[in-house]
Every structure is written in C-alpha cells, then in structure tokens.
Amino acid sequence: MTQGAPADGRPADAGARFVPAEAEPRWIAAWQDSGALDVDPASDAPGFTIAIPPPNVTGALHMGHALNNTIQDVLIRRRRMAGDEVKWIFGTDHAGIATQKKVEEQLAAEGTDRWQLGRERFLERVWEWKETYGGRITRQLRSLGCTLDYADERFTMDEAYAAAVQRVFCDLHAKGHIFRGDYLVNWDPGLGTAISDLEVEMREVTDAMVEIAYPLSDGGGELVVATVRPETMLGDTAVAVSPDDDRYRDMIGRTCTLPLVGREIPIVADEAVDPEFGTGALKVTPAHSGDDFEIAQRHDLPAVSVIGEDGRMTAEAGEAYAGLTPEECARKVVEDLGAAGVLRSEREYTHEVPFSHRSGERVQPLISLQWFADMEALAEPAIAAVRDGRVRFTPERFTDVYLAWMENIRPWCLSRHLWWGHRLPVWYRGDEVHVGLDAPEGEGWEQDPDVLDTWFSSALWPFATLGWPERTDQLAAFYPTQVLSTARDIIFLWVARMVMMGLEYMDDVPFSDVYIHSVVQAPDGRRMSKSLGTGIDPEELIAQHGADALRFGLLMMSSTQDVRFSHDRIAQGRQLVTKLWNAGRLVVERGGALGDGEVAPQTEADRWMASRLTAAINDADEAVGGFRFSQLADGIYHLVFDEYCDWYLELLKAGQATPEVAAALLEQILALLGPVMPFVAEEVWAQLPGAQGMVIRHAPPRPLGGRDPEAEQAVERLKETVTALRSYASERGLPRRSGVSVWIDGPDTPEADTLRALAGAEAVDAPPEGASVVGLSFGRMHVAPAGGIDREAEIARLQAGIDQADSEISRAERQLGNERFVERAPAELVEQERAKLTRYTDERAALVAELAALRGGGQ
RNA sequence: GGGCAGUUAGCUCAGCGGGAGAGCGCCCGCCUCACACGCGGGAGGUCACUGGUUCGAAUCCAGUACUGCCCA
Numbered sequence: 004m005t006q007g008a009p010a011d012g013r014p015a016d017a018g019a020r021f022v023p024a025e026a027e028p029r030w031i032a033a034w035q036d037s038g039a040l041d042v043d044p045a046s047d048a049p050g051f052t053i054a055i056p057p058p059n060v061t062g063a064l065h066m067g068h069a070l071n072n073t074i075q076d077v078l079i080r081r082r083r084m085a086g087d088e089v090k091w092i093f094g095t096d097h098a099g100i101a102t103q104k105k106v107e108e109q110l111a112a113e114g115t116d117r118w119q120l121g122r123e124r125f126l127e128r129v130w131e132w133k134e135t136y137g138g139r140i141t142r143q144l145r146s147l148g149c150t151l152d153y154a155d156e157r158f159t160m161d162e163a164y165a166a167a168v169q170r171v172f173c174d175l176h177a178k179g180h181i182f183r184g185d186y187l188v189n190w191d192p193g194l195g196t197a198i199s200d201l202e203v204e205m206r207e208v209t210d211a212m213v214e215i216a217y218p219l220s221d222g223g224g225e226l227v228v229a230t231v232r233p234e235t236m237l238g239d240t241a242v243a244v245s246p247d248d249d250r251y252r253d254m255i256g257r258t259c260t261l262p263l264v265g266r267e268i269p270i271v272a273d274e275a276v277d278p279e280f281g282t283g284a285l286k287v288t289p290a291h292s293g294d295d296f297e298i299a300q301r302h303d304l305p306a307v308s309v310i311g312e313d314g315r316m317t318a319e320a321g322e323a324y325a326g327l328t329p330e331e332c333a334r335k336v337v338e339d340l341g342a343a344g345v346l347r348s349e350r351e352y353t354h355e356v357p358f359s360h361r362s363g364e365r366v367q368p369l370i371s372l373q374w375f376a377d378m379e380a381l382a383e384p385a386i387a388a389v390r391d392g393r394v395r396f397t398p399e400r401f402t403d404v405y406l407a408w409m410e411n412i413r414p415w416c417l418s419r420h421l422w423w424g425h426r427l428p429v430w431y432r433g434d435e436v437h438v439g440l441d442a443p444e445g446e447g448w449e450q451d452p453d454v455l456d457t458w459f460s461s462a463l464w465p466f467a468t469l470g471w472p473e474r475t476d477q478l479a480a481f482y483p484t485q486v487l488s489t490a491r492d493i494i495f496l497w498v499a500r501m502v503m504m505g506l507e508y509m510d511d512v513p514f515s516d517v518y519i520h521s522v523v524q525a526p527d528g529r530r531m532s533k534s535l536g537t538g539i540d541p542e543e544l545i546a547q548h549g550a551d552a553l554r555f556g557l558l559m560m561s562s563t564q565d566v567r568f569s570h571d572r573i574a575q576g577r578q579l580v581t582k583l584w585n586a587g588r589l590v591v592e593r594g595g596a597l598g599d600g601e602v603a604p605q606t607e608a609d610r611w612m613a614s615r616l617t618a619a620i621n622d623a624d625e626a627v628g629g630f631r632f633s634q635l636a637d638g639i640y641h642l643v644f645d646e647y648c649d650w651y652l653e654l655l656k657a658g659q660a661t662p663e664v665a666a667a668l669l670e671q672i673l674a675l676l677g678p679v680m681p682f683v684a685e686e687v688w689a690q691l692p693g694a695q696g697m698v699i700r701h702a703p704p705r706p707l708g709g710r711d712p713e714a715e716q717a718v719e720r721l722k723e724t725v726t727a728l729r730s731y732a733s734e735r736g737l738p739r740r741s742g743v744s745v746w747i748d749g750p751d752t753p754e755a756d757t758l759r760a761l762a763g764a765e766a767v768d769a770p771p772e773g774a775s776v777v778g779l780s781f782g783r784m785h786v787a788p789a790g791g792i793d794r795e796a797e798i799a800r801l802q803a804g805i806d807q808a809d810s811e812i813s814r815a816e817r818q819l820g821n822e823r824f825v826e827r828a829p830a831e832l833v834e835q836e837r838a839k840l841t842r843y844t845d846e847r848a849a850l851v852a853e854l855a856a857l858r859g860g861g862q
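So the mapping is simple: the numbering used here equals the position in the first sequence, first residue as 1, plus 3.
Since the hints were derived computationally from the structure, they do not count as laboratory data.
Check the hints yourself; a few may be wrong.
Said to hold, decoys possible - Computed Cβ-Cβ distance ranges for the label pairs, DEER-style: (1) GLU319 / HIS354: 24 to 30 Å; (2) GLY341 / PRO443: 54 to 60 Å; (3) ALA63 / GLY600: 36 to 42 Å.
Claimed, not checked - Using 30 Å as the maximum straight-line C-alpha spacing, the simulated DSBU-like pairs for lysine-lysine come out as follows: (4) LYS104 / LYS178; (5) LYS104 / LYS133; (6) LYS533 / LYS133; (7) LYS582 / LYS722; (8) LYS582 / LYS533; (9) LYS133 / LYS178; (10) LYS722 / LYS533; (11) LYS722 / LYS104; (12) LYS105 / LYS582.
Predicted model only: the values in this text are computed from it and were never measured.
All C-beta atoms in this analysis are idealised placements derived from N, C-alpha and C, irrespective of residue type, glycine included.
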C-alpha cells in the first residue's frame, strides 16, 4: 500500500495506485518548507490578493467552505504560477454570539454560568477556548490543500484589529453616522440581545387570529380589529384604517376605547393599511410591531411598551398581566375579552413570523435604547462603485440584489447585549455620554457593557488585516484585493458593508470582482445542516477519496445556481487522480523524460496532442476568467481521459508518438492541473525524470505550438476509422483482435501498424473480396472479416444505411429547397448543407452499388 | 405582496439561435505488457406546457403550471 518514502521524500515504488493519505501531508509540508508560500510585500511582481471570508473560530469545515476555498485556491495558485506576488489573507472571525454560546455550553456542563464567573473571568475562558479548539478549521483548510498565508494569521479580536474597530466606531460617530436612540429592534429573548434585521429569518407559523370589537368612545358603534397577537392590544395607541375605505370613512378622527385597558385611542387613516386584510381596521401597537412603529411615527402616536427585555409583560401592561409571558398573557387577554363580550371571533391563521437566526427563538419586536449606524451616506459611494463597474458581481444578477438592498438601506443596530466581542467605545456618567477610545478625565465613568455586532468588525476585513490604520507595506502592496469569493447569504451582511467601509477608509473599493458561489445542498435537495442530519463532512471525503478528488468534484458541481451534492462527482475526481498517476507511470516506462531545451512535436500524433493541449489551455483561461469552474474541471478531465490517455498514449504505445514529447505534454498538463488537483500534480511531476522544482511554482501551462488543423483532421479521421472498426467487430461478436482486413477508400489512410494496434485490423492494398462497406465521414471502408460475412445481415445493414442516407438527403433537400433559408442563412451554412447533400448522395450510390453486387455475387 | 432562479437521458447536471451532451447508473464484450477506481462497444431524451419572433428555437420573447431562494 504505502510506498515507503525514501530520504528524498519521493515514494520508492510507483504502484498502480496513488495513495492520497500518504502523499498529501508530504506535499503540504514541502510547500511550506520550500518557501513556496512566502509572501513578500516588497516584491516588484504585481500583487494578487484574496481575503478569505474568515471562518468562525468555532467553525469546522463544511461543504460550503470546501467549495469556496477550493475556488479561491485555484485562483491563487494560478496567479502564483503566473509569477504574481500572491497573498491569500488568512484569519478567523471571533463570531460573537456563536463563540459565546459554545463557552456557555461548556460552563453549563460544569454546572456554572457566566454570571457566576463574572465578565473578566468569562472572557479569559473564551480565549482559552479559542487557543484550545480554534485551530481546527485551519488544519482542515491545510488538508484541503489551500495555500493561504498561514504565516500571517489574523483574528478579528487581535489587539491591532480591535484598535481598528474602535477607531472606525469613533470616527463614524464623529462624522454623525452613529447615534444612540430608542427604536424598535428585533429582540432575541433567547440570547437577551437585540439582533440586526439580517439575523432574522421568517418562518411559517399557525397562530390563533382573534377579532376584537373596540367600542367608539362617543357610543356610536364599534370597530372590529383582527390580530394574531392579542396580548399586544394592551399596548395599542391607535386604530388605523385605509383612507379609501368607505366602511370607516366617517370614523376617521374620532376615538375608540381600548377594552380591558380603558385608554381612549384615535382612529387614523394610513396608506399602509390594506382594506382587504382582516376587517380592514388595524390595531396599532408601536412598541411591538415594525409596521405599527412606522405608522405611529407618521401620526405622532405614543408607544406603550408592554413586553420587556426580559421577555415578560411589563407593568404598563396592567396589574393583571404584568410578569406573564406573552403566550400566557395572550390566553388571559382572550379570556378576559370574552368575558367583556368584545371577542367577535377566533380562528386559525397561518403566516410568516420572525425568528432569531441565532437562537432559533421567536423574535420579539420591542423598543429599546441601542446604538445604530445610519448607513445612507456610506451607501451612496458603494452604489456608485457597483453601478460604474469598479465592483462586478458574478453571476451578474446579484448586482441588482445588492443595489436593491443598498438603495433601501436601513439603520443598522450595532449593539449586542453580549460579553464576547468588541466592546463599545462609549462611556457614561449619569446622563453624560462620551464616545472615545478612553474614558474621559474624571471619576465615575463607566464603559457601555455591550459589544458590537460581529459584522461591524468583519466589514473592515480587507484592510484591517493588512495593518490599517497603520500605513504598512502590506497595505500598500495588497490593497485593494482582486476577488472576493463568497456565499450568497452574506451579500448584505458582509459584502455590501465591506464595500462601504473600504470606500470610506481606504478611498478605494476592497475588491473588483465578487464571485457568488453555489450553495451545495444535500443530495436530496434539502439544506445541508447538522440539525437536519443532512450534512456531509468534507474531512471524511478527504480521508476516503483524497483532497484532489474532493476539490475536483466540488468544482464540477459548481454552477451559477444551487447544486445538489453528488458523490459521483467526487468519484470522478478520484478516477482522474488514478488515471493521471498511471499515465505518468506509462510515460516514464516508455522512456519519457524532460530535457533542458524546447521540445517540438515530431509525429502527427504529437502535433495533434499539442494542438489539443493548446485548445485546452485556452479553454481553461476562458473558463477561469468567467468564473466557470465546472468548465475548467470538465475540460481538464476530457483532455486527460479522452485525448491524452485514450488516444495519444495508445498512439505512443503503437510507436506513433515520441516519448520526449509525451513527457513535455504531460508537464504542461500537470501545470494546467496543478491549481485544481495540486497533490497528484506534484506527485506525478516528482516521478518524471528531469523534472525540476515543484508544480506549485512551475510556470503556467505553455502550449507546444499553436493549433494544428491539419494534424487535428488527420487524427480525427484516424479516430473515426478505429472506432468504426471496433464497432464493426463488437457488433458481430468478433474477438478483440478481430483480424479483419480493411481497405479505405478516401484520404488519410491510417498507418497499418496503427490500425493493427488500435483496432486489431489488418490494412490491405486493395478492396478485399466479400467485404462489408462501411460509410465514413470522409470516404468508405471495405471490411472483410476472416470468417467471411453474413450475407443476409449485410444486406439488411446496407439497406439500413441506404434508408439513413435517404433521410439525410431529404433533410438536406428540404433545407436547400427553402428559398428563404438559402437567401437568409449564412453562406457558410448553406454551403455545409450542399456538401452534406453531395456526401450522402455519393454514399447512397455506393451503398446501392454494394447492395447490388452482394445480391448478384451471392447467386 | 414584490423579485430572482430552475424545470434537458433512470439520477445529478452542462449546453443557451444552426442537426441533443457529460458523469454515474443500465446492457454486451474484455484480467489488451499504465490503469478492472480500468478498456472497447451499445441502449436510452416530443429539452415542463401554450403561444409568438425567426429561413431556423432546448436556446430569444410572452403567458401557464409546478419547485427553490431572496426581499417585504
């Protein structure tokens, strides 16, 4: 199994199989030790930078990471080979909520909690946790073969990074973009903190919808409102109706009396009310509904908070309800409304309600004093940057997604009621508030206990990692970055904010291309997730099939849309690895070696393969340029399997190709392959006599000459002939080396040796007796099996051939008979159609003649 | 409620204006001196539906039906 590694690090014996588990660690170490990954900001070479979307320190590699980082590694490796000074910025994110939860779970297991520990000790525990477990994803990225700048690892809670965060907060505050206020926030009762709009997800829920009658204060009737949250009626401060609703027109401006509470509240007209929905009358609870909060602002209505940050009913809800949970309160309110005789109806209602993406609990909208960033001023240049193409999205459609969000940008709730994170640089003393890096002079100042939304620090990633605000060499050499590759679900959370911050603080976009990769779903189309049990662990796949196979398979799957995970694609990658390994062995065995000078293709087969390589290199460049990674992987696969192995190496064995050229071509194939499947590329390279250095620093794949149409045509005809002969033999159940005699009536008759080697057929000088006639695109071939032909079967086959030709002829005639086609279609196409007509007419005539001869001769 | 994407071979997906492709699976035959994680040969699609544009539509446009996602 394992080919024991001798002193020079190369496997001793090149067995039939490549063993990834043995080879991969060797190459990971070799890349590192050779200095191939070193980054030099002082280099004269052009810089090429990608900033990794920093994985959470708590994270383990999932399929999305595996795909995304394979893509980035392909880009990085290609540019490194091209001679750029590449930097793939590496680091992890402190991930406030996720990390704090992990440590809290740990504490719970120990029978304690963060309150007992106290803030300082708790934070120490988080750091300890990070030191102990935080390196997992780093190790996993290494085993995937990712060539990040591991030597310069960043963490969003590093001292220098934290200083950058504080500085930006203070600066945005000084510029008036950050403010503190009482606004409606998404309160996560599970975590006891506000969360941003983007951390909220809508889920479908079935609630009870009740209709409640609010009597008009002047005794002139009642107004029936519908609600799924009866407990919030305790906080109602108005009823709103549509201004166009005739049913309520005469009530606008009057007041009604809130049942159970007795508060007199106005009836207002507002465009936001949908007269079709419910009764057309909307109870307005500004403190616990986003829509209602906005209506209240338009009508200058007060807000009454009846649910507190502890998730329970407040004193303002009334003595009877204070202290209850909202659910308990809802039941009691309905009961009391019933008793009061104002409950009009009750039914089930299914609708979408907000849940915390973080804790999974139902979000409680409530008014709270928080710090916000007003993003409008920052959004403006970020919109311009995308509109004028300084930042391009691939696939393009995400441009509109980005712009739509940016153009309707809302204030960003920045404060999180957590302990782990960047603490707000804000100080309080009584009613005094100070924003600054340090507490002001004087006694009694206390720092705000809250921390910043994790995404606030992530927004600075492309430049804070390079040492900003210091004017470092790294910053000068590597900002802006070139490509950001990331998942669709963080376009707003992260991408948009990086653009805003980059423009604000670096006066330049943080990257010029944003590539949004596919979401990899479970094989059954569900989301891949641990909780659903649908997750597939990339680490296991690496162990089973090798990192190259995983990388290849993921690239094959990647697309402009979401894709289902396919084990078969990984298997396909593994097959390619094995194929290459064995191709390498064959080339070496046949005496292929790399020399010092240029190698020119010698034979027709050499020239054909060189031409195909040239095409493949061009296709690969084009694919990568357009971020079409499945096309890249597919192209390499077919070059290796269908061209190099199936035909070229077979021709080499048949003595029709040159070993030196085979080696030179393999070198370029490995250079093309290296960024995609780096391990097997190195391993095969290391086996090639004369190979210097490693693929990781090899020059980019170089064509061995341009396209060669002549050689391509000749080999295409050879392939067609060989395939036709194999088919012929296979259909008749002839043995593999069938020994049929063949005579070809047409140009480009392949060498007798080639036909013997590839098709097991014997070329003869004249049309053999008793032969079958088989049509080829460039002529006809007469094939005579040793045992003679089956006349009946041949007659049937010829008849089928004639029928086929007839249908082709009538198709071509129909096309050419269409005047409009002849007039309007491109001349080239019309010409093609004419040539086709001639060809099939000739073929038909030949087949008819053969048929006649066969019938006549058999008498 | 608004928007975006998808519907192509049994499965997973390419193709996106000139005669339907890949991988896997399936059938037949091969231990051919690189590779049985292999080699050779084959079968298998009215390209969701309806209309339109065009000499020509899987490919462009409009609509319908499902499916998924995003925003409200």
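If you check each hint against the structure, which ones fail?
Of the numbered hints given earlier, those the structure breaks are 3, 4, 8, 9, 10, 11 and 12, listed in rising order.
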